[in-house]
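Each residue of the sequence shown is one higher than the one before, starting from 1 at the first, in UniProt numbering.
In case anyone wonders, no lab produced these hints; they're calculated from the structure. Everything numeric in this text was worked out from a predicted model, so none of it was measured. Any given hint might turn out to be false.
[To be verified] Straight line, CA to CA, 35 angstroms or less: simulated DSBU-like cross-link-like pairs of lysine-lysine:
#: 1; residue 1: K295; residue 2: K36
#: 2; residue 1: K340; residue 2: K295
#: 3; residue 1: K466; residue 2: K45
#: 4; residue 1: K295; residue 2: K94
#: 5; residue 1: K382; residue 2: K489
#: 6; residue 1: K459; residue 2: K387
#: 7; residue 1: K45; residue 2: K85
#: 8; residue 1: K475; residue 2: K387
#: 9; residue 1: K491; residue 2: K45
#: 10; residue 1: K489; residue 2: K387
#: 11; residue 1: K43; residue 2: K340
#: 12; residue 1: K382; residue 2: K491
#: 13; residue 1: K387; residue 2: K295
#: 14; residue 1: K453; residue 2: K295
#: 15; residue 1: K201; residue 2: K340
#: 16; residue 1: K85; residue 2: K387
#: 17; residue 1: K287; residue 2: K382
[What the hints assert, rightly or not] Derived CB-CB ranges, DEER-like:
#: 18; residue 1: V80; residue 2: R294; range: 32 to 40 angstroms
#: 19; residue 1: N255; residue 2: Q385; range: 28 to 36 angstroms
#: 20; residue 1: V326; residue 2: Q472; range: 40 to 48 angstroms
#: 21; residue 1: K36; residue 2: Q385; range: 37 to 45 angstroms
The C-beta atom is built at its ideal place from N, Cα and C for all residues, glycine as well.
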Amino acid sequence: RIEDNFSVGQGASVIKQISFLLTSSPVVHTKLGSLKGEYVSVKGKETGVHAYLGVPFAKPPLGPSLRLAPPQPVGGWEGVRDATKQPPMCIQSKETVLDLVDKLGTALVEIPDISEDCLYLNIYAPANRAKNAKLPVMVWIHGGGFALGSASTYDGSALAAYQDVVVVLIQYRLGLLGFLSTGDEHISGNFGLLDQVEALKWIQQHIHNFGGDPGLVTIFGESAGGVSVSLLLLSPLSDGLFHRAIAESGTAAMNVLMANDPLPMAQVNYPYSSFLEVNVDGHFLTKPVDELFRKHELHAVPFMTGVNNDEGGWMLASVSVTGTYVIADEYIGNGDDRVKNRDGYTEMLGDLFFTIPAIKAANAHRDAGAPVYLYEYQHPPKFLQQKRPSFVGTDHADEIFTVLGFCFTTTHVRLSDPCPEDEEQLSKIMMSYWGNFARTGSPNGHNLVHWPKYGAEEKYLAIGLKKQVTAQHLKKERFVFLTQTVPEKIKQHEENAERSEL
Numbered sequence: 001r002i003e004d005n006f007s008v009g010q011g012a013s014v015i016k017q018i019s020f021l022l023t024s025s026p027v028v029h030t031k032l033g034s035l036k037g038e039y040v041s042v043k044g045k046e047t048g049v050h051a052y053l054g055v056p057f058a059k060p061p062l063g064p065s066l067r068l069a070p071p072q073p074v075g076g077w078e079g080v081r082d083a084t085k086q087p088p089m090c091i092q093s094k095e096t097v098l099d100l101v102d103k104l105g106t107a108l109v110e111i112p113d114i115s116e117d118c119l120y121l122n123i124y125a126p127a128n129r130a131k132n133a134k135l136p137v138m139v140w141i142h143g144g145g146f147a148l149g150s151a152s153t154y155d156g157s158a159l160a161a162y163q164d165v166v167v168v169l170i171q172y173r174l175g176l177l178g179f180l181s182t183g184d185e186h187i188s189g190n191f192g193l194l195d196q197v198e199a200l201k202w203i204q205q206h207i208h209n210f211g212g213d214p215g216l217v218t219i220f221g222e223s224a225g226g227v228s229v230s231l232l233l234l235s236p237l238s239d240g241l242f243h244r245a246i247a248e249s250g251t252a253a254m255n256v257l258m259a260n261d262p263l264p265m266a267q268v269n270y271p272y273s274s275f276l277e278v279n280v281d282g283h284f285l286t287k288p289v290d291e292l293f294r295k296h297e298l299h300a301v302p303f304m305t306g307v308n309n310d311e312g313g314w315m316l317a318s319v320s321v322t323g324t325y326v327i328a329d330e331y332i333g334n335g336d337d338r339v340k341n342r343d344g345y346t347e348m349l350g351d352l353f354f355t356i357p358a359i360k361a362a363n364a365h366r367d368a369g370a371p372v373y374l375y376e377y378q379h380p381p382k383f384l385q386q387k388r389p390s391f392v393g394t395d396h397a398d399e400i401f402t403v404l405g406f407c408f409t410t411t412h413v414r415l416s417d418p419c420p421e422d423e424e425q426l427s428k429i430m431m432s433y434w435g436n437f438a439r440t441g442s443p444n445g446h447n448l449v450h451w452p453k454y455g456a457e458e459k460y461l462a463i464g465l466k467k468q469v470t471a472q473h474l475k476k477e478r479f480v481f482l483t484q485t486v487p488e489k490i491k492q493h494e495e496n497a498e499r500s501e502l
């Protein structure tokens with residue numbers, strides 16, 4: 001029948017038009033100016049995302065008035081700004097970035113230039129979002145010891161498409177330019193953290209133009225990004241700028257990154273560290289972290305934190321920890337067994353740097369009345385297992401691949417080989433937990449293993465490839481040893497030393 005043919009033809013035409021609108025170069029209008037982005041496809045999804053790259057959120061931190069100074073709000077621009085190219089990375093070692101990318105095995109097609117002019121963010125919004133959509137916003141803060149990293153070494157397209165959220169990847173000043181402090185008003189420090197606050201302010205003002213809800217912002221990050229998330233939870237400057245927080249393998253309880261007085265910390269860390277420390281500046285951070293935790297002076301928003309089960313594996317060859325003789329017996333014994341030496345030392349590093357600080361932070365937020373969810377991630381990506389010794393478990397940063405859905409990305413950040421089906425499924429589970437948490441403040445949802453709140457019973461979720469199970473008392477014996485027994489031993493040693501001097 002003619003009318004049937006006509007209706008079929010009409011339908012096909014409408015579908016083509018919709019497809020063209022979704023995949024053509026999208027333009028977003030903000031009060032600062034207009035931005036032309038690009039359509040990005042995502043494996044396994046009929047509709048991908050609109051990506052807007054290199055969006056400025058602060059004035060370029062250049063010249064004597066803005067270098068080593070707090071960021072200033074960005075100005076507007078005329079016409080339509082091209083937002084299809086990756087922004088320059090903040091000042092860092094490009095060789096180290098290339099080496100890291102090679103070790104991780106991701107196929108990074110391009111590494112952007114490096115520049116002081118680097119305060120930009122990348123935005124990924126579902127292409128099929130409604131015109132007046134108010135989607136949850138997930139703001140990723142990259143890691144790298146406050147010395148490395150960028151928005152361009154990650155990709156938010158898969159998480160945005162699979163979880164129907166707006167993903168924002170932010171950049172912040174690193175190294176000397178981000179964290180140098182003289183301990184007074186001349187160079188107060190923490191500029192990289194102030195950049196993060198400025199990015200969150202920009203998101204509050206403008207993310208609605210991209211379909212995001214400024215009243216439903218989740219900050220999440222890994223390693224130094226997790227530390228940043230944890231510090232933002234303690235800073236009066238970030239009050240009201242976010243509503244949930246996820247700290248992966250890094251919290252403010254990592255004492256190695258904190259300095260109440262910047263000079264002695266810099267002297268201690270100089271031989272081993274390329275980064276400078278976060279400074280108690282009286283502005284971003286008003287008191288030492290331990291004191292803020294103890295007094296419950298924190299933003300009591302829903303908080304998720306956790307670690308991988310072999311966090312110390314990657315650090316074996318490069319880290320020297322002073323004072324470890326106090327705890328070596330507990331982890332290694334008499335030192336006769338080489339395998340026990342190796343495994344004990346890497347476990348000790350993982351506990352000192354990541355696991356014990358994560359539990360400290362979880363306890364502090366729980367005791368302050370916040371809903372807390374704790375995890376231990378237990379699956380090393382199979383493509384990385386081939387690059388490592390067999391004794392390495394789930395290493396530092398391994399969870400990023402499933403959280404950000406790198407099995408499904410098609411951009412310059414993608415895996416060299418397709419993921420096995422079971423890893424794709426695990427990634428969908430991880431993205432669901434993280435996405436649910438962003439939406440509701442709880443990771444729980446349909447067809448997911450129940451994840452209990454972290455309370456007095458200290459329950460957490462152990463996340464493996466084949467199954468996810470509830471467990472209790474993560475590293476309890478080690479936690480008691482390192483937070484109670486060791487301080488008592490050190491105190492006794494100091495008292496004995498004082499007596500012998502008398």
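Going down the list of hints, with the structure as the test:
{"no.": "1", "hint": "K295 x K36", "in the structure": "violated, 47 angstroms"}
{"no.": "2", "hint": "K340 x K295", "in the structure": "violated, 40 angstroms"}
{"no.": "3", "hint": "K466 x K45", "in the structure": "holds, 24 angstroms"}
{"no.": "4", "hint": "K295 x K94", "in the structure": "violated, 41 angstroms"}
{"no.": "5", "hint": "K382 x K489", "in the structure": "violated, 42 angstroms"}
{"no.": "6", "hint": "K459 x K387", "in the structure": "holds, 33 angstroms"}
{"no.": "7", "hint": "K45 x K85", "in the structure": "holds, 23 angstroms"}
{"no.": "8", "hint": "K475 x K387", "in the structure": "holds, 28 angstroms"}
{"no.": "9", "hint": "K491 x K45", "in the structure": "violated, 59 angstroms"}
{"no.": "10", "hint": "K489 x K387", "in the structure": "violated, 40 angstroms"}
{"no.": "11", "hint": "K43 x K340", "in the structure": "violated, 43 angstroms"}
{"no.": "12", "hint": "K382 x K491", "in the structure": "violated, 45 angstroms"}
{"no.": "13", "hint": "K387 x K295", "in the structure": "violated, 45 angstroms"}
{"no.": "14", "hint": "K453 x K295", "in the structure": "holds, 22 angstroms"}
{"no.": "15", "hint": "K201 x K340", "in the structure": "violated, 49 angstroms"}
{"no.": "16", "hint": "K85 x K387", "in the structure": "holds, 31 angstroms"}
{"no.": "17", "hint": "K287 x K382", "in the structure": "violated, 43 angstroms"}
{"no.": "18", "hint": "V80 x R294: 32 to 40 angstroms", "in the structure": "violated, 51 angstroms"}
{"no.": "19", "hint": "N255 x Q385: 28 to 36 angstroms", "in the structure": "holds, 32 angstroms"}
{"no.": "20", "hint": "V326 x Q472: 40 to 48 angstroms", "in the structure": "violated, 28 angstroms"}
{"no.": "21", "hint": "K36 x Q385: 37 to 45 angstroms", "in the structure": "holds, 41 angstroms"}
Hint check: violations occur at hints 1, 2, 4, 5, 9, 10, 11, 12, 13, 15, 17, 18, 20; the rest are consistent with the structure.
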